Amino acid sequence: MPSPAVKPPRPAPKTDRTLSFVDAVREAAELEMARDPNVIVFGLDVDDPKAIQGTTRGLPERFGPERCFGTPLSEDAMTGAAIGMALAGLRPVHVHIRMDFLLLAMNQLLNVAAKSRYMYGGRVNVPLVVRAMIGKSWGQGAQHSQGLHGMFMHVPGIKVVAPATPYDAKGCLAAAVRDDNPVLYVEHRLLHFTKGPVPEAAYTVEPGKARVTRRGADVTLVGISSMQVECLRAAAYLADVGIEAEVIDPIWLSPLDMDTICESVERTGRLIVVDTAWTNCGAAAEITAQVAERLQGIRDLRLKRMGFAPTTCPTAPNLEDLFYPNARTVAAAARDLVEDVKTGWLPAERADLKSIEFKGPF
Amino acid sequence: MPSPAVKPPRPAPKTDRTLSFVDAVREAAELEMARDPNVIVFGLDVDDPKAIQGTTRGLPERFGPERCFGTPLSEDAMTGAAIGMALAGLRPVHVHIRMDFLLLAMNQLLNVAAKSRYMYGGRVNVPLVVRAMIGKSWGQGAQHSQGLHGMFMHVPGIKVVAPATPYDAKGCLAAAVRDDNPVLYVEHRLLHFTKGPVPEAAYTVEPGKARVTRRGADVTLVGISSMQVECLRAAAYLADVGIEAEVIDPIWLSPLDMDTICESVERTGRLIVVDTAWTNCGAAAEITAQVAERLQGIRDLRLKRMGFAPTTCPTAPNLEDLFYPNARTVAAAARDLVEDVKTGWLPAERADLKSIEFKGPF
Amino acid sequence: MLARLYRSLYRIRRVEEEVARAYPTDKIKSPVHLSIGQEAVSVGVCAALRPTDVVFGTYRGHALYLAKGGDLNAMVAELYGKATGCARGKGGSMHLVDTAAGVMGTSAVVGTTIANAAGYAYALKTRRSDAVVVSFFGDGASEEGVFAETLNFASLKSLPVLFVCENNGYAIHTSQAKRQGRPDIAARAEAYGIPAERLDGNDVVGLLERTRTVLSGMRALGGPHFFEVKTYRLREHVGPGRDFALGYRAEAEAEPWVTNDPVQKLAARLPAGERVAIEQEVEAEVAAAFAFAEASPFPAAGELMTDIYQEAGDALACR
Amino acid sequence: MLARLYRSLYRIRRVEEEVARAYPTDKIKSPVHLSIGQEAVSVGVCAALRPTDVVFGTYRGHALYLAKGGDLNAMVAELYGKATGCARGKGGSMHLVDTAAGVMGTSAVVGTTIANAAGYAYALKTRRSDAVVVSFFGDGASEEGVFAETLNFASLKSLPVLFVCENNGYAIHTSQAKRQGRPDIAARAEAYGIPAERLDGNDVVGLLERTRTVLSGMRALGGPHFFEVKTYRLREHVGPGRDFALGYRAEAEAEPWVTNDPVQKLAARLPAGERVAIEQEVEAEVAAAFAFAEASPFPAAGELMTDIYQEAGDALACR
Ligand SMILES: Cc1ncc(C[n+]2csc(CCOP(=O)(O)OP(=O)(O)O)c2C)c(N)n1
Ligand SMILES: Cc1ncc(C[n+]2csc(CCOP(=O)(O)OP(=O)(O)O)c2C)c(N)n1
Ligand SMILES: [Mg+2]
Ligand SMILES: [Mg+2]
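Chains as they are written, first to last, in the numbering used here: chain W, 363 to 724; chain C, 363 to 724; chain A, 5 to 323; chain D, 5 to 323.
It is possible that some hints are incorrect.
[To be verified] Covered by chain D, per the in silico footprint, the following chain C stretches (three or more residues, Cβ under 8 Å): (1) 430-436; (2) 449-455; (3) 662-675.
By construction, these hints were calculated from the structure, which means they are not laboratory data.
These figures come from a predicted structure and were not determined experimentally.
Beta carbons are placed, not taken as given, at the ideal position from N, Cα and C, and that holds for glycine.
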């Protein structure tokens, strides 16, 4: 249960400067590389004309091809090499344009990076950052759409962060780079298009604290990565029918700030966890289980998980729509939870709350 | 919540014939290979003098080196090859002496095997069985001790089974081989030494039903793989202090028979899930979350998860002991749950309930 | 034979040009990796195959799928995400399949199907079949560990796989020289004990003949073989357009490939009447395929939860 | 030089013999993969290294750890699972480490450290260091994809890594011929553009000299190099005993290796007095190391939850 000494959740950022998520990532990388000559950025295609959606634009020119370079198509060995670099005192940021490709690097990430410090009795550190992007829509399909962060939360020794705003994108990447441990940094490709306030100077958003992004007394919505955006939109739909949702962004998934989440659910008595991943054995399962454990005997709860449909991601656009939760389906579920009855309500789409649109090829 | 049409949980087997877990696995493989010429068994060292603890003993001699063969050290390609064989109508059983090595094969297992049927619109099947062993004790340490079944439960399209008895070992392997889908078959190396009743003829233990291995009204213990044995022992310790535990073996983890578990917890009001894996985003998280979701509003619950300590597996024997749950720590946790107070009780070890001992080198 | 090759080449080129033409309408919501410029590799090799032979390919799979005899209507419908698609609208452009034609799969994760092909060949071998498997992949795929592992396995077990590396010189926007310490892919096959040779990807007749010779050896004696085929991609990595403006390659580099475009070259070798007849037939077929795709329905909503597992009603998948 | 080499060889041999002797007491609850028979590879190569050079190895790492100067007491204590161990009792025999001596890691998953070594070498290169990294691994490891991927990367980036494949002819109980289509590991390195050579693993002096020559080239000009060193394991794959009774290899096969045992050969080349003095010193040192290990405490219970993450009190790890 939440201890009385709980730190307050993070405040919202205050600044007039607006940046896209892409530019926030790029800026964090540039500032960290300028600050510390040990920081290097590499991975397939980081130095090509598309520059990983722009997130690595300009880095090779400013820091040279030794500190920012593309690699062969060799996820396994490149991850192993990143670990070796980290053991030697570099602070590599290894970039993957799709999180799905991490399945080729699991051995180095989980058998080596996550375990090295412990199995060598604390004699070494692996200050490695792995940036991995979740794809969505335009028929990206089965192998280009997975959110696999739950697998990394399963294994001790590696941290996981999934920023949802440009502000956190910048601050979390800086924190990840400065962290002496392996960190999986999860980006959602649809978030790349979003904009928000980002201070110019370097700052970090450290592990350990969630952010309450909206206050409300009726239901707690925990939205992970891009689902944070959908949860905030869902809260707007819910406000239209008089329901006040509290929205929480965990930001860091490992370590996870359960104090902030439990404190909220203790007040609202209702929780929906919305993930951009499968719920089975995923982050949503963990959060739900911890809330159930920590609030048992304290108050009666209503709980629900939402995430990918328990199937493979299809490409037909109509099926793809059904595969993902969205603001309206989250709002509908929340209303049912609050009113404790299947209302059958689905809000009509509000033009100002439309989900991000994306036009291919990718 | 449990539907009224729930199938009864599986009955216990009745036979006078006793076999070890190892021999049960071997017998199932032999019967299936004899029954269907498409069944083949391969993997690193399956045809060597140790024959994977004896589980593949005699198969190369009886069925020839084309149907039972060792491979190069190439987990990734051998998994890919197994998928290709399955696409061609063979029914490969790919054997891994350690589950940890699956981290080299995740791409083929999760991006290809689990997704092929769906992403090809049902035009193909991948009838592949992957046998993977969880190691424990004698300083096997960080990279030879992991139970990673939770990662496979996370992804749709692959089934997961973790038999705990020789009876289920035989029946589940047969069911897995005959299944037209990829199946991860999890073996715990300490279970290999156990013995139990096993009928001679072929039979299957199909997905979809858990087994209630002990009846009791006070607390439900769900024990996965080797933790099933510890849970049964814990129940004996608990009986000594007048607490009657109900013990459930889920057997199949994906699909998971939540009806049987929820029906039990609805009666006992108390649940401990004990896994031979980390609890975070693991099978224990999933079961706990589903129970909390399904029984919300139905009855007040007490819940607890037990599993690996949230750290890397150490090798010093005293630390290794602390890393794992065991019958006595499970019993202690169950009593606290039942009495709803930290009793501080830890049962004195009963000679007849000692955990399996194992002497190295491995 | 020339007419057959021309029909196949022209048909693939025209299908992909139509894909490119239709793309801006946003009806094809699928990432397309066009083979324009590379068609002769698939056409030449597949012309030597029997229907019972099997191929595995990549996300850049339109040419291979069609060259091996995959159903055209089903392919275009798949790009449109329609229920009549070869993967019933669930796979899209990157996951073409036609088991009846021996197109066993095309994957979006680089390198994966190389190992699948070897496994399929293992199965054929256990059945004493004289069919062969052909594994198509790019120069980039040769850098993945699975490539080396598979070569070793195919060599060790003497499997009937023909490896065809379509070396177009690039992985996305990165040239082979920037990715390979020794840019000689055939040499790696040899290091694993597999006979290997370098071929010209514009010489469709040469490819056909060489494949025929090699396959007759493989059918008789077993064992793998390796082709490194030099070719060139004329469009962008993914999407319908040209990409010389990106600056990662000079347009001049493409010139010899355009000059030697096998579609044009072969056209010139056919009697005009025969050529025109082929072209007219193909045009009609292509137009019909796009009309079929447009007219086809999207999958029913229930399709989201079918085909996950092979069993009655896929009930297990639905919780 | 001979004396130094002999001391190192004899010391490693004696430590492992003592491990084998102590093993049945069950005080070493750690799976031991003995190098007995293979010591000369580590000794010969490491004798040419500087303290600032770095090595990566495998679970069969006792010889490498000691040859590179790893602390003996800390190693034996680690096998005993004691708090004074080189990994504080958390790693065991398979995860020896001594960063001060340049022993950067030894992994239980075959092949993994090959890539780690290349990454380390990349870091050295960016620092314009003239230190080198030596990656030790077995013949089996050369079948893992990471091996091929790493060779390409090392070649592409011209990294200062010396790859040393300790080819003992077996992976557990399976001979190289049963696992490799073309059992020529050096040829693969060449296919990736890395100069490679085959060496005799019993010729400790030859190994030292060849390594010296190669390293001076690498330190001056950069770029990787590859040794395939033929050697032989005299004990079982894991555990203290002999295993000829298992039947997977004939005892006769071991004979030439026993006859040419470098420990004996070198002993014979030293003046008796010098030899005996070395042996006596080593015996005392070894006995002291085992006594140290026996006397050392097990880690405190709280150690279970430390060292997971690098930070104050490792608080994050404890929920
Ligand atoms: C394992 C993996 N890594 C990276 C990618 C991203 N990616 C898609 S295509 C491609 C280039 C592949 O190049 P090549 O094999 O030469 O094929 P080509 O596209 O030239 O036909 C890359 C890197 C991927 N799909 N899969
Ligand atoms: C990735 C992986 N696959 C399989 C194993 C099981 N295994 C342990 S040692 C070994 C043989 C390795 O042979 P080799 O590389 O020649 O080294 P050697 O033991 O002969 O020194 C195998 C297969 C493993 N540890 N890691
Ligand atoms: Mg290419
Ligand atoms: Mg070996």
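These are the hints, each one checked on the structure:
Under the rule that three or more residues need a Cβ within less than 8 Å of chain D, the assignment of the region 430-436 of chain C holds, with 5 such residues. Coverage of the region 449-455 of chain C by chain D is violated. Counting CB-CB distances below 8 Å, 0 residues qualify, and the rule asks for three or more. Coverage of a stretch by a chain is defined here by at least three residues with a beta carbon nearer than 8 Å to that chain's beta carbons; for the region 662-675 of chain C and chain D the count is 4, and the condition holds.
Consistency with the previously given hints fails for number 2 only.
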